[in-house]
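So the sequences go chain by chain: A and B.
Under numbering that gives the first Met the number 0, the letters of the first sequence match residues 0 to 219, in that order.
Under numbering that gives the first Met the number 0, the letters of the second sequence match residues 0 to 387, in that order.
Hint data in this document are derived by calculation from the structure and do not stem from the laboratory.
Just so you know, not all the hints are guaranteed correct.
Stated by the list, open to error - Simulated restraints, written as ranges between beta carbons of each label pair:
#1 A:Ala162 <-> B:Lys190: 53 to 63 Å
#2 B:Ala260 <-> A:Gln47: 56 to 66 Å
#3 A:Glu43 <-> B:Leu219: 49 to 59 Å
#4 B:Tyr275 <-> A:His50: 33 to 43 Å
#5 B:Tyr275 <-> A:Pro125: 44 to 54 Å
#6 B:Gln272 <-> A:Pro125: 48 to 58 Å
#7 A:Glu105 <-> B:Gln225: 53 to 63 Å
#8 B:Gln225 <-> A:Asp69: 45 to 55 Å
#9 A:Gln143 <-> B:Tyr275: 31 to 41 Å
#10 A:Asn152 <-> B:Gln225: 50 to 60 Å
#11 B:Gln272 <-> A:Glu105: 55 to 65 Å
#12 B:Ala330 <-> A:Val57: 18 to 28 Å
Unchecked claim - With a straight-line cut-off of 27 Å between C-alpha atoms, the simulated BS3-like cross-links for lysine-lysine are:
#13 A:Lys129 <-> A:Lys86
#14 B:Lys195 <-> B:Lys169
#15 A:Lys129 <-> B:Lys87
#16 B:Lys193 <-> B:Lys169
#17 A:Lys129 <-> B:Lys95
#18 A:Lys158 <-> A:Lys129
Note that CB positions come from ideal geometry on N, CA and C, so glycine has one too.
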Amino acid sequence: MADTPATAQRAAKPASSQRSTLELFRHLRHACITIFHPEDQNREVLIQQLHRIGCQTVALWPPTPQLPADTELVIFLLDAEASAKKKLPWLTPDSAIPLIGVLDYENPTTLETATALGCHGMLVRPLQAKGLLSTIILTMHHCQQLKTLRKRNQRLEEKLQAAGEISAAQAMLAHARGISATEAYKVLREQAMLKRVTVEDIARALLQTDGLLANPAKHR
Amino acid sequence: MANTDPIPVGVLFSTSGATATIERSQAFATFFAIDEINAAGGIHGRELVPIHYDPQGMPQQYQLLAERMIRENGVNVIFGCYLSSTRKAVIPVVEKWRKLLFYPTPYEGFEFSPHVIYTGAAPNQNSAQLADYMTRHFGARVYMIGCDYIYPYESNRIMSDFILEVPGGKKLAERYVPLTATEKDFLAVVKDIKAKAPDFVFSTVVGQATQRLYQAYAELGMDAQQTPIASLTTSEAEVAEMGASAAHGHMTSAPYFKSIASAANQACIARFQQQYGPDIAPNMAWEAAYFQTQMFAEAMRAAGSDQYDVLLPHLLGREFEALQGRIAIDAGNHHTSLHPRIARVNASGQFEIIAGGSTAAVMPDPYLVTHPGASWNNLAQATEYRVG
């Protein structure tokens, strides 16, 4: 850009990975994209640009309840008929496959519908070549991040629950045997190693037994 | 009654500014083609009249002058642009007015406008071949130096991908200098190159700065025979400016070099120099500017009009016997199938073609995200460094 000549030389961003291209782009090259859109100029523009990028496409209308096998991204016309009424199983906010809605109106009603239905990205008609790659990349990127975060969230919830169970089992064991909490943990861990299960599993088993053993004479 | 009205066509190349030398060669290639077309009877007896403005290398000027050509001079097509930033400035104008831009310059890809015909190399037609050749013959440890704008960033990204697929491939540095960089800027860079001792240097320095890089390289005693600079844009025009001794031993990947031995090429250069003298050096951008104008004329003769909607179908898929070989405009992506070549500058400052130039053209793939290793490694085997 001749209009912004930097006065000082600058070093490029340090390459954080061996690969300089986003994995997303590499993947996109042969991605299978399902298009639910009536046959018209918009669909033609969309398919042509996707082919230029190198994607595989399947174009269908009306939308089918089942996605074609190997679908990695869905671009669908979001109109009342296609979405709300028909209850398409794949059209859900829980979708692991990125969904891009094609809209005619950028008004609050339409946008609210689109977000509520679970669109990860949106395109506005008339469709054009420009901007499609950006929308796809951003949609896939955010959908992937969402997936990663959901998984991580689930793992953390499980961990949290396990931690609670372990400390309860520890307290119970310490009380029953008259040992310290640290020693109780050691016992749990040894048992887990012996039985080749996790400490959480031993703790859970112990707590369940506790329910059976509990008698009115027990403290607390 | 036959229509004998002249047909105005836009010519939008800078004859001043940082890229004046290369763009002047594009402008004169366009004038040359127009002269030949008119001498052969024009378009069914109608004369082509070039409307040329000098946008001085400034994107805003390109935009303004493109608009002026269309509104005031009534052009339906514009031949123009070198820097990507200037092309980006003109595209909204041709899209708005439903006109057509012919862009005769190698660029970084990742673009499609229905209102542009791209006749220079896409990355799969120059970068892939260069990466393959350099890593085979010199090694895969590369030092990257470029001007500070979009074409070098994207070209370096693409080159990095190629390099990193090769065993031992490594990017030693990636540095950027302004388009207005001086020899002093480059002395510092070349010192660093010397210290890091790469297998080769990949340069995306363009325009006036090019000669300063090569001169600094020679001045600090870098041996081009052993560690050449490899480029996609250093052409006969830049070599003429820097001189044979600074250019000797360096490499360029492009679909066209002046030294192509064919009778058609040599005859065309002779005609050109007879008309315009020896000051403008034929080069890759010159050739693309020449053949795209010829192709436009053929398409317009067939279409009977230069209006976008009428003309475009006659351009898409059209083949042409260009100086580099038989080429064709791809109907799907508006880019052109071309004949990649790699050449090295000899002691007298001429590019000697050392690879490529096969009769089979390479299809344009402007959205190339990456090459799977095999496909571009095999590519060179097909043309195993055939001279010619």
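Evaluated hints:
no., hint, result
1, A:Ala162 <-> B:Lys190: 53 to 63 Å, "holds (57 Å)"
2, B:Ala260 <-> A:Gln47: 56 to 66 Å, "violated (39 Å)"
3, A:Glu43 <-> B:Leu219: 49 to 59 Å, "holds (56 Å)"
4, B:Tyr275 <-> A:His50: 33 to 43 Å, "holds (42 Å)"
5, B:Tyr275 <-> A:Pro125: 44 to 54 Å, "holds (45 Å)"
6, B:Gln272 <-> A:Pro125: 48 to 58 Å, "holds (49 Å)"
7, A:Glu105 <-> B:Gln225: 53 to 63 Å, "holds (59 Å)"
8, B:Gln225 <-> A:Asp69: 45 to 55 Å, "holds (49 Å)"
9, A:Gln143 <-> B:Tyr275: 31 to 41 Å, "violated (56 Å)"
10, A:Asn152 <-> B:Gln225: 50 to 60 Å, "holds (56 Å)"
11, B:Gln272 <-> A:Glu105: 55 to 65 Å, "holds (57 Å)"
12, B:Ala330 <-> A:Val57: 18 to 28 Å, "holds (22 Å)"
13, A:Lys129 <-> A:Lys86, "violated (31 Å)"
14, B:Lys195 <-> B:Lys169, "holds (12 Å)"
15, A:Lys129 <-> B:Lys87, "holds (12 Å)"
16, B:Lys193 <-> B:Lys169, "holds (16 Å)"
17, A:Lys129 <-> B:Lys95, "holds (14 Å)"
18, A:Lys158 <-> A:Lys129, "violated (45 Å)"
Of the hints listed earlier, those the structure fails to meet are numbers 2, 9, 13, 18, in rising order.
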